[in-house]
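2 protein chains.
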Amino acid sequence: MSVYKSIESSTSWAALLARQPENLREALTADRVHHRLVSTGGGLSYSYAAMDLDEPTINLLAVAAAELDLLSQYKEVASGSVMNIGEKRMVLHHLLRGQPFGPVIKDGRDYGAFYHSEKDRAGDFARKIRSGALRGSTGKRFERVVQIGIGGSDLGPRALYLALEQWARERNLLTVRASFISNVDPDDANAILAGVDPESTLFILVSKSGTTQETLANEALVKSRLAQTPGIDPSKHLVAVTSETSPLARNPAYLDSFYIDDYIGGRYSATSAVGGVILSITLGPEAFSAILAGAAEADLAAKEPDIRRNAALLDALLGIFERDVLGRPCVAVLPYSQALSRFPAHLQQLDMESNGKRVDRNGKPSALPTGPAVLGEPGTNGQHSFYQLLHQGTDVIPLQFIGFRQNQTTYDPLFEGSSARRKLNANLTAQIVAFAKGKDDSNPGKQFPGGRPSTLIFGEELDPAALGALLAHYENKVMFQGFAWNINSFDQEGVQLGKVLTGKVLAAGGPGDPVLSAYAGLLGAL
Amino acid sequence: MSVYKSIESSTSWAALLARQPENLREALTADRVHHRLVSTGGGLSYSYAAMDLDEPTINLLAVAAAELDLLSQYKEVASGSVMNIGEKRMVLHHLLRGQPFGPVIKDGRDYGAFYHSEKDRAGDFARKIRSGALRGSTGKRFERVVQIGIGGSDLGPRALYLALEQWARERNLLTVRASFISNVDPDDANAILAGVDPESTLFILVSKSGTTQETLANEALVKSRLAQTPGIDPSKHLVAVTSETSPLARNPAYLDSFYIDDYIGGRYSATSAVGGVILSITLGPEAFSAILAGAAEADLAAKEPDIRRNAALLDALLGIFERDVLGRPCVAVLPYSQALSRFPAHLQQLDMESNGKRVDRNGKPSALPTGPAVLGEPGTNGQHSFYQLLHQGTDVIPLQFIGFRQNQTTYDPLFEGSSARRKLNANLTAQIVAFAKGKDDSNPGKQFPGGRPSTLIFGEELDPAALGALLAHYENKVMFQGFAWNINSFDQEGVQLGKVLTGKVLAAGGPGDPVLSAYAGLLGAL
Chain A
-9 MSVYKSIESS TSWAALLARQ PENLREALTA DRVHHRLVST GGGLSYSYAA
41 MDLDEPTINL LAVAAAELDL LSQYKEVASG SVMNIGEKRM VLHHLLRGQP
91 FGPVIKDGRD YGAFYHSEKD RAGDFARKIR SGALRGSTGK RFERVVQIGI
141 GGSDLGPRAL YLALEQWARE RNLLTVRASF ISNVDPDDAN AILAGVDPES
191 TLFILVSKSG TTQETLANEA LVKSRLAQTP GIDPSKHLVA VTSETSPLAR
241 NPAYLDSFYI DDYIGGRYSA TSAVGGVILS ITLGPEAFSA ILAGAAEADL
291 AAKEPDIRRN AALLDALLGI FERDVLGRPC VAVLPYSQAL SRFPAHLQQL
341 DMESNGKRVD RNGKPSALPT GPAVLGEPGT NGQHSFYQLL HQGTDVIPLQ
391 FIGFRQNQTT YDPLFEGSSA RRKLNANLTA QIVAFAKGKD DSNPGKQFPG
441 GRPSTLIFGE ELDPAALGAL LAHYENKVMF QGFAWNINSF DQEGVQLGKV
491 LTGKVLAAGG PGDPVLSAYA GLLGAL
Chain B
-9 MSVYKSIESS TSWAALLARQ PENLREALTA DRVHHRLVST GGGLSYSYAA
41 MDLDEPTINL LAVAAAELDL LSQYKEVASG SVMNIGEKRM VLHHLLRGQP
91 FGPVIKDGRD YGAFYHSEKD RAGDFARKIR SGALRGSTGK RFERVVQIGI
141 GGSDLGPRAL YLALEQWARE RNLLTVRASF ISNVDPDDAN AILAGVDPES
191 TLFILVSKSG TTQETLANEA LVKSRLAQTP GIDPSKHLVA VTSETSPLAR
241 NPAYLDSFYI DDYIGGRYSA TSAVGGVILS ITLGPEAFSA ILAGAAEADL
291 AAKEPDIRRN AALLDALLGI FERDVLGRPC VAVLPYSQAL SRFPAHLQQL
341 DMESNGKRVD RNGKPSALPT GPAVLGEPGT NGQHSFYQLL HQGTDVIPLQ
391 FIGFRQNQTT YDPLFEGSSA RRKLNANLTA QIVAFAKGKD DSNPGKQFPG
441 GRPSTLIFGE ELDPAALGAL LAHYENKVMF QGFAWNINSF DQEGVQLGKV
491 LTGKVLAAGG PGDPVLSAYA GLLGAL
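Top to bottom, those sequences are chains A and B.
So for the first sequence, my numbering puts the first residue at -9; every next one is plus one.
So for the second sequence, my numbering puts the first residue at -9; every next one is plus one.
A couple of the hints might just be wrong.
As the list claims (entries may be wrong) - The calculated SDA-like cross-link candidates involving lysine to any residue, where the alpha carbons are at most 25 Å apart (straight line), are:
#: 1; chain 1: A; residue 1: 489; chain 2: B; residue 2: 441
#: 2; chain 1: B; residue 1: 436; chain 2: A; residue 2: 502
#: 3; chain 1: A; residue 1: 354; chain 2: B; residue 2: 435
#: 4; chain 1: B; residue 1: 436; chain 2: A; residue 2: 92
If you are wondering where the hints come from, they were derived from the structure by calculation, not from laboratory data.
When you get a sec, could you build the whole thing from the sequences and use the hints?
Now the structure itself:
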């Protein structure tokens, strides 16, 4: 078993703490742009030329990575060790798309084979929906699929669907479109239902435990509406994605059920049936398989021992340098791709829920500040919004850019001598350099300090394989950061107290607590 | 004229710096919930019971506010002083919805009257669209309106439209629906165009200067597509919102044009024609007028000298206490209303673009850290995502909750004994208390430290007046914070360098800079 300790206790930490940010105005050269490049799999590359740390600093990070056994800990995860130590669970999401360290078989159960068979079942089901062989209870083809889920059952699948909706449309693959209901606010479900025809709509209920209050409340609202539509049999319009031990499993209220298990955490479930059913139906099973193949490539790339050739590990360590040596508490994710409009929201969950922890794996207060606050919107939109602060604010926020050489859609007429695609990537190019190098001006208000570091993940096109690799890159980066901070990235104890207090407010007889009662009174929740 | 200085130079600053965060576990009582309430106008109230500062600290903030003449500076803004000092412009967005300090008349021009007449023209135009009196060039009624704009021409109008889309649908007011194109990524425009019928679609081009590259490129793409649709006259499907001196003004390429001027900053333009045309068309002119009436109420409420009775001023000062005394660099905006799904993105621009400044109004480095990083997503979704970090992360992020007693939509069946609305507000109640008070546990991983401060803005229902007041509350909060930091909240010099470098990349002959060339090469932008 690996030694679990924080990077703060590594022999190189004192030397790391003494490092200053590199002066990017001088350090960022064309040569460095060509050399600080790492493949992440899925046709993507990771560029860290515009990060403000020098080679000796990277060497110190490499020493720490080796000392902390970060790669061994990855192997432990993907080999089925109980790495979610608080909840005493294995962490098996890598097996959803490959077997980076071989199969995991325990008590005769081959976990990878189980996930694979569920993927195949979802693919077969999707083909029947897409061909029209399986139809709604009034005989109409399904043209819309609505996922009912929250958190990991919503953000990841939604981000991936939006990332490939136009890609699929351009290829005439988008025979069924997706919508999502997540919020317990009934205005969410009512808004979605106002835009769909129940007869041609399939609902996917997603809850691993089968007990998520928001999701069950939304299911009840949807079922109640379906029941009001003449001729509709709700059980023919609902499928479940859940665990085999949940009350939703093998339940005649659903047309079919697809399974995950306790070893697939919500925020790591996008490549499981949680994402697989809706993505196979809307984009086609082949596209979903390509997402998994891209993710599997990134998982293999994350095995590389040399941190300069392991994008996920390097990204993790550079992030810790920014967070804990340079004291920068936020990260901005800035995709130059409208299709990735909700990808930052998924990463926000992935990162903040995994590493927003103040206690280490030994139950001691974390030696260092852990997970950063994550924000982000697509460029160029962000350029006309919050980039002002990124360029000229008092704090430095490290940036994570994402870009692609090609569009997903083909229509792109020239305007003022260039395509919109070229304009988009010219903007991305310009921003990286502007942040790093700044610009002097005699007018202090027009002075750009520069020295604002960024990374760039880029590839040819945002296709399923690239998307899968992008997703897995971030999953692995967050995992490595958790190891380096010696925290449990796989539980989420911080969600429990709110659930308990919500139950108190809703209890018969009222909350029985004066402050809860006072707020509930203001909000009409008694 | 007011004395321009930073709160750091106020006589109470040393005493403020010595203040510790209040212990919310003890300080947050039911009594405080009932007493720390301020009206913001529009039927909304601002609760600061769960903020971690005591009455003596608030008294110190009040001393600073008086010393810095914060209210006088507001008066200067709304009375037409040149408060955007870098660009030497007045800042007149308050006049879009009222005259909190009387009319502004200069050189015979009554600015408020001008804005009001443009609002009336937009209302008349909207009525013709909504009634079908004005139709597309092939005779079809307009059923869709697509705004083409970016930054302030996109985020504010989009957030407001989404905030009231269901409200309008429930009242049978939503005869025309809205979409938005903003990103220069052609996948954005192509995706929107794939979902609309050109014959029944009106496009609104929004650019104050008439030279915004992304917006003009998107217009060119849209026009090129329209020109391919047999029988369509593009000039009958396009209107412009711009300034009277722009190339788009009084241009026969547009069906009509509506005007703002240089004194309406992009991020403060949602209540101008920038938001007014699309909101009047989709929600009706009466709803837009109600938004303005709510905003005007909040503007009047912001004149109150007693900081305990001025929600915007108090919110501003409490935020500065968190930012600069307690050293908390982020803020999370958490609306418990799905309709406010994009409101945090608007606030992100409003706040970060206004106050992400490192130089004060005298051209000196800011004495204090200025504008925070802003993030946010609707609750309950965020609870299942990044709230983990908010509860148990190593950093404290002050929270700004928003909630309403009633739904916008009416369908809300009971499930497990309560409506979804009650569940939503029970969750909101529970979160405020969980963040403030935490919970002890012998298992360190299940320990909640508490002491995580929050404010709450709440009202009966998210209707147009409440939305207008909410918007203006934040505009005024951000304005007061800028005054207190002695920065210019009304310019955005930080966007310029990127534009210049983008132009270099796109220039004939290439960027002429090796680093730009290197990145542009990676991204295929040469």
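For which of the previously enumerated hints does the structure constitute a violation, in increasing order of number? 4
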